[in-house]
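These are the residues of each chain, in order.
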Amino acid sequence: MTDNLLPFRRVSPSKRSDALLLSACAEGDRTALDELFRRHGDRVRRILVRLRYIHSSDLDDVLQSTFLEVYRSCARFTGRAAVGTWIIGIAMNVVRHYVRSETRRKSALSVVARGPVLRQNGADEQISRRQLLAKLEAGFESLSHEHRVVFTLCDLEEMKSIEVARILNIAEGTVWRRLHDARQHLRRHVSEEPGR
Amino acid sequence: MSLLAAIAEAFGRCPPGWKLTRAVTEIPESRLANHLRRCERCAAELEALRELLVQTRVAFAEPEPMSEGERDTISLHLLAETPRPRREKRTLSKAMAAVVTLAAAGALLVIAVHDHKTPPRSQTVTSHASVRAMGQATFSRVQAPPDELLRVDEGTIDLEVSPLVGTERFRVLTADAEVEVRGTSFRVVAHDRKLMAVTVFRGRVEVRPFGGGVAVLDAGDSWARGKPELEEGSPTAQGSTAAPHPLNRPPPVGPGSEPAPSPSRARRSDRKESAGQSFDRAWALLRGGEAKAAADAFGEVARLAPGSALEEDALYWRAVSTARAQDRPAAARLFGEFLDRFPSSSRAGEAAVALGWIRVDEGHLDDARALFKLGARDPAPEVRASAEDGLRRTQR
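First to last, the protein sequences are chains A and B. First residue of the first sequence: 60, per my numbering; consecutive thereafter. First residue of the second sequence: 888, per my numbering; consecutive thereafter.
Each hint should be verified, as a subset may be incorrect.
[Unchecked claim] Here are some of the chain B residues that sit facing chain A, going by a computed Cβ distance under 10 Å:
| hint | residue |
| --- | --- |
| 1 | P915 |
| 2 | S917 |
| 3 | R918 |
| 4 | A920 |
| 5 | N921 |
| 6 | D1040 |
| 7 | G1042 |
| 8 | D1079 |
[Stated by the list, open to error] In the EDC-like style, the derived pairs of lysine to aspartate or glutamate whose C-alpha atoms are separated by at most 20 Å in a straight line are:
| hint | chain 1 | residue 1 | chain 2 | residue 2 |
| --- | --- | --- | --- | --- |
| 9 | A | K219 | B | E1067 |
| 10 | B | K906 | A | D240 |
| 11 | A | K219 | B | E916 |
I should point out that these hints are in silico values taken from the structure, not numbers from a laboratory. We put the beta carbon where it would ideally sit given N, CA and C, even for glycine.
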């Protein structure tokens, strides 16, 4: 009887697999959640930034909300996809809710107005690059949510179509069709004459 | 692909656009590859799509990575399970954190310039704590009152926390632990964002490593990373090395932790200050090995604070103290009374498991099983594990 409460062997979170960390989260282990954040937070954040929906001042909130949602939903993880893929799926749901919010959508407009910083190249090259960038940005901003997400995950994050299909819970063929539509949409924007 | 489509494609009909899209990033299937060799239009289309991909990857370059500060702040909020405050509050919090950091930097500068023997200056911020950095300490406030959070990354800081009221909290966080107080004076030492040591000068401090367990320190006590040390000889300190018995070491404990009453459960108001003082005295007796006197003292606390959270806590610890005094029949009665009176207490699972093991000793296995089943529903994994062990051992 005396050995029934011997100290429990604990494995350092950093040595546990993602799946074990999720199990630990389901048991209420907050360090496991922290470790998942440290492993996957950068990638999730990068995708959030690239989607260009989220105002920079909201970015940390959305990122934190994503991982709190991971904590709340960890018991529902079925293992059909990799944990990282599953977390990105949760992030996409959080983003969808964010986009639906009218007030947040207003704040997102300021993101559209802000362009990325260009490298210092020659003047002509810089103007040309800026024009191309403006067209691509305009094209990207006018993509529907579904197309924007697929384009970001496939072309910018270079994820495999099967992985994106799992994240978005859609067929792989649908991923390719959406990506095709998104690319054609961007091509039209890029080939448009200025001022049209 | 249908047979007709395959035949059409084989005889020169162009494939659907999404197939070309797919060929941009994946090796095209042989039929498509053959078609691309023959069809200039599709080859040009594929080339244009490839060019677009290059352009977009250049245009939408990889964003700046998360800074260490951002990472740590989110990490601490996740660890603390504290929802981030709204933006307005966060801005305020950030501003205050910046003030604290700047003040700390200023203090460090003063310390560096002055002779080493010059005592460090005390700096008071708009918070419940007066923080004194010793040497090159790195710390910042991540959240303002009422749920105040102070992050310590490196070095030693002394804190003087004024008494908190109501739902106010004050916590010091590192990457691997949190230290919570209700009004006290103590020292925190961190290294590489990990909690290394805590020393209490006055009042009571609760140390909670995130890996599990809790250590409650009173004035004069200290906690050190890896091996908890209590300067006074106490049953809790011995418990970390001796083979624990359920009653000497209640269930929800892990390695490097001490069974202790939780200050958050033992909320004290000014009105019940005397009860709070009695609780402290009772706890000191228990830690001093005077289990019988502690049980009496906890009983006194319960009489002084009827209907309060302190009473619930005191009655639980009276039962534990009684068990440690080896008065098992009385302990069984007290645990039973506690369960009858507080069936939804957060301690109910622990009490049920402790009582379950007494019943095992007494040979009442059916009673024990019923109690272990109760403990098996406890949210704490350690309690559940003990309960499940009890269920296995009492299996017929």
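Hints, one by one, checked against the model:
1. P915: Interface hint status for P915 (chain B): violated (13 Å vs cutoff 10 Å).
2. S917: violated, 18 Å
3. R918: violated, 16 Å
4. A920: Hint violated; A920 (chain B) Cβ to chain A Cβ min 17 Å, cut 10 Å.
5. N921: Since the shortest Cβ distance to chain A is 20 Å, the answer is violated.
6. D1040: violated, 15 Å
7. G1042: violated, 22 Å
8. D1079: violated, 14 Å
9. A:K219 x B:E1067: The hint is violated at about 46 Å.
10. B:K906 x A:D240: This hinted pair holds, its Cα atoms lying about 12 Å apart.
11. A:K219 x B:E916: holds, 17 Å
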